[in-house]
Amino acid sequence: MKCLRWSLISLLALAAFPTMSFSLGTIDRTVLSNGVVLLTYPRPTLPIVYVSMRLRAGSVFDPAGKTGLSHMVARLLTRGTLQRSAREISEAIDFVGGELGAASDEDYALVTLKVLKKDVALGMDLFSDILLQPAFLPEEIERQRSETLSEIIHDKDDPGKVADKVFSQIVYGGHPYGLPTEGLETTIPGITREDIVRFHETYYRPNAAIVAIVGDVSVEETRALAEKYLGTWVRKDVPPIAAAQLPVPSSPVVKVIDKDLTQANIILGHPGIRRGNPDYYAVFIMNYILGGGGFSSRLLTNIRDERGLAYSVGSAFDTKYATGAFHVSLQTKNSTANEAIRESLREMRKIRQELVRAEELQEAKDYLTGSFPLRLDSNAKIADYLTYVEFHELGLNYFEEFPRRLAAVTREDVLKAARSYLHPETFVLVVVGKEAEAKIHLDEGAPVESR
Amino acid sequence: MRNLRRFTTVILGGLQLVMSLLTTEPVLAKNQEIKEFLLDNGLKVIILEDHSSPTATFQVWYKVGARNEVTGRTGISHLLEHMMFKGTQQHGKGEFSRIIARNGGNENAFTGKDYTAYFERFSSDRLALSVELESDRMANLLLDEREFQLERDVVKEERRLRTEDDPVATVVEEVYAAAYKVHPYGSPVIGWMSDLDAMTVEALRSYYKLYYSPNNSTVVLVGDVNAEEILPNIREHFGKIPRGPVPPKVLSKEPLQLGERRIHVKKEAQLPFLMVAYHVPNIGHPDEYALEVLEKIVSQGESSRLYRKFVYETQMASYVGGDYARVSADPTLFYFYGGLRPERKVEELERGILEEIERLKREPVNDQELEKAKNQIEAAFIFGRDSNFYQAMQIGILETIGVGYRALESFVPNIRKVTKEDLMRVARTYFTPENRTVGILIPEKKEKSSSGPGF
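One line per chain: the protein sequences are A and B, in this order. Quick note on the working numbering: the first sequence kicks off at 10 and runs consecutively. Quick note on the working numbering: the second sequence kicks off at -18 and runs consecutively.
Bear in mind the hints are in silico, worked out from the structure with no lab data behind them. On a predicted model such as this, the values are computed, not experimentally measured, just so you know. Cβ coordinates follow ideal geometry from the N, Cα and C atoms, glycine included. Heads up, a few of these hints could be off.
[To be verified] Straight-line alpha carbon distances no greater than 30 angstroms define the calculated DSSO-like cross-link-like pairs of lysine-lysine that follow:
(1) K170/A - K326/B
(2) K234/B - K25/B
(3) K398/B - K127/A
(4) K401/B - K126/A
(5) K326/B - K443/A
(6) K165/A - K290/B
(7) K426/B - K247/B
(8) K170/A - K443/A
(9) K126/A - K355/B
(10) K248/B - K165/A
(11) K75/A - K426/B
(12) K127/A - K401/B
(13) K248/B - K448/A
(14) K126/A - K398/B
(15) K170/A - K290/B
[Stated by the list, open to error] What the simulated footprint calls covered on chain A by chain B, stretch by stretch (three residues with Cβ under 8 angstroms from a Cβ of chain B suffice, anywhere in the stretch; the number is not a length):
(16) 160 to 167
(17) 330 to 344
Given only the sequences and the hints, what does the whole structure look like? Please build it.
Below you can see the structure in the form of structure tokens.
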């Protein structure tokens, strides 16, 4: 087994920072006549091609009582089309050592393809087939239903996921972001083939699709591939994602879930901001200093380095399209849970009370701009990033714009962001651990509800 | 599956030389060439220039890991890895990470059974910092008592997070412990809890002195660099570190297993989990290629045998797989695993997996299946080159376990030579009942959980 000194960066930081400053060079943006946005970045150094599509077809559109529908639709794409059975699809892509997959997030469905250059026509044919002509066969739906239900049950053995699900449900209130994309044990059985077909008809449309093709293909080749394999896709209006405002609770809400664990898995937070919030950049830097910033953040320094309480600790603003949430998350032995919670709240208060130090701000800016090339050093990363920028309407000049926006943030902006968007008095706290040892209590004496 | 696949097991991907032999593409990457240097103090430096992005990875690999640990001191390699971030005379606690971050770099380290490695990823113009900081901590680590106490607590939290509270990880740990009675591969990299409790800073100091030396390490640099430009700097900083002692050889050899071993883990969990492990040879043995192909046939993709049978057709399992930890210094394990669906019995999955294993011995795989596995290995080899970090990992591991990075050159051609008969032969040789260790997670449900939350 391998032990990384710290692996949480990927979990906590990514949601809050897919960004940077550095010119990629020529990105070609073309809109096909049916509305597909095609982003191309030729990178001929290796004979490989990576295709990534983001579709506005995430769980945010799951109807009430049908949570898990978008996920089911995405997962069924590779499980049979009008021309190919599930077996034939997996056999075809596996035979060339490629990868073809589809998944759903809160905002979007993601369909990806990775193939050697020599297999790009086969790959695009499969990609187009699963996207445009999925069969949604009844036996495949039943199979998927059973798979999803057992995955939901398996997830209960991951205390971090359990904490996260309970936390999201409370923080997002009735908003679909609060429910797990894969669905609930109570909703998966009720999803019908009609629901699935209707969802696909409604949301899987070219005018809601952004596709990036990165690798050993020229702009001309890419356009031809896109026209050939996606050009027949028929346009139809797709509803936008509506911005949402979440209520901040008037007093702390505490949930403790008793499990026979050695650690308390703690998640503490509250409503946050959407990606389009104009204060995004100040919030981003503020969070970097508080708990997003690698090994140097305040939370990590306090809770890990100075107290030895946790292996991983950090904070993140999860900025989705409609709205978002902020959270601190950490794991510590049950007996030190209260101390870790107290210190987390102390750091949240402190950054709201005092200006950050000038050098802290500078270090944050230096890291965030300087590390930009690392976020774009592979085909997969570039493809994913291009569709992200387009999805959130950040513009292709974003790569130049981002460092400018970061550079403009002042210490006062950081303080203002902390005061506006951190709520250390009215948070949601979820603890999954051994209740009798953790004995969760807040200094202010908020009522603790255990489940 | 999720928890089991280790970062270190599959070494694919690779070098220019192999690729030009194998594909019809005329030239895959003109800009790639591996250069190797040996400093007077025994430090090996390997540089692969890859100019496809303006970034680079700098790694330092020490030939020390759980494999070198003795009873009572398990986890010492990993704990020392943590302490390497706690400062030298010149660069105090936390300064290392701060300097790297200020320069837009990411840094971390990892410890395995055979190695401990440190890395920085940067925009390539910042590499001089790695040279300065890594050479400093190779020779001048502080190892302060108070910092040690705190960091040991952090590592104990890490153990709780990764193992104690993860029922599947607990089974894996137990299976290794049962399969290896003599060789240190039976001990977890993170160490047993009681060994962490008993650890001392003095033990770390002697361990550091014994294993952290230029003659016991390899510097690997991959990315947008020019070897001639950076080498003088490496010579200047690393070259002045004196040669260290010659670390003791690991002499343990796991004796032949004479009968099936079976372990059960009873823990609060939702569903059972099964793992079936066999002792097999590691890299350097002629059977490594056939075993690698077998791993792909049983486990790679949704058309693989295990997925198709147990997830897709019989719907007995939520996930299944096979894993061959080929790239290791000493003989290793090939294991099969699966997580059950509700209402299905673990005995049923075990019977099914053993039947699939018998089939591998009895029937030749079909041509299409064999070709698919080879194609998968070759494609992964090429995809692997899209990452500096991954390429540096491959070179670093191969150097550290004593095989050398040139093994990459012959890997795909040797995979291509594997025949159906080879597959049947290795399955018959190694997948025997006597050589088997089975681990089963038996979920214990708490009374209370019936009224618990819906998640």
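Against the structure, the hints come out as follows:
no. : hint            : result
1   : K170/A - K326/B : holds (25 angstroms)
2   : K234/B - K25/B  : holds (28 angstroms)
3   : K398/B - K127/A : holds (22 angstroms)
4   : K401/B - K126/A : holds (29 angstroms)
5   : K326/B - K443/A : holds (29 angstroms)
6   : K165/A - K290/B : holds (25 angstroms)
7   : K426/B - K247/B : holds (10 angstroms)
8   : K170/A - K443/A : holds (16 angstroms)
9   : K126/A - K355/B : holds (17 angstroms)
10  : K248/B - K165/A : holds (13 angstroms)
11  : K75/A - K426/B  : holds (29 angstroms)
12  : K127/A - K401/B : holds (27 angstroms)
13  : K248/B - K448/A : holds (22 angstroms)
14  : K126/A - K398/B : holds (24 angstroms)
15  : K170/A - K290/B : holds (28 angstroms)
16  : 160 to 167      : holds (count 7)
17  : 330 to 344      : holds (count 3)
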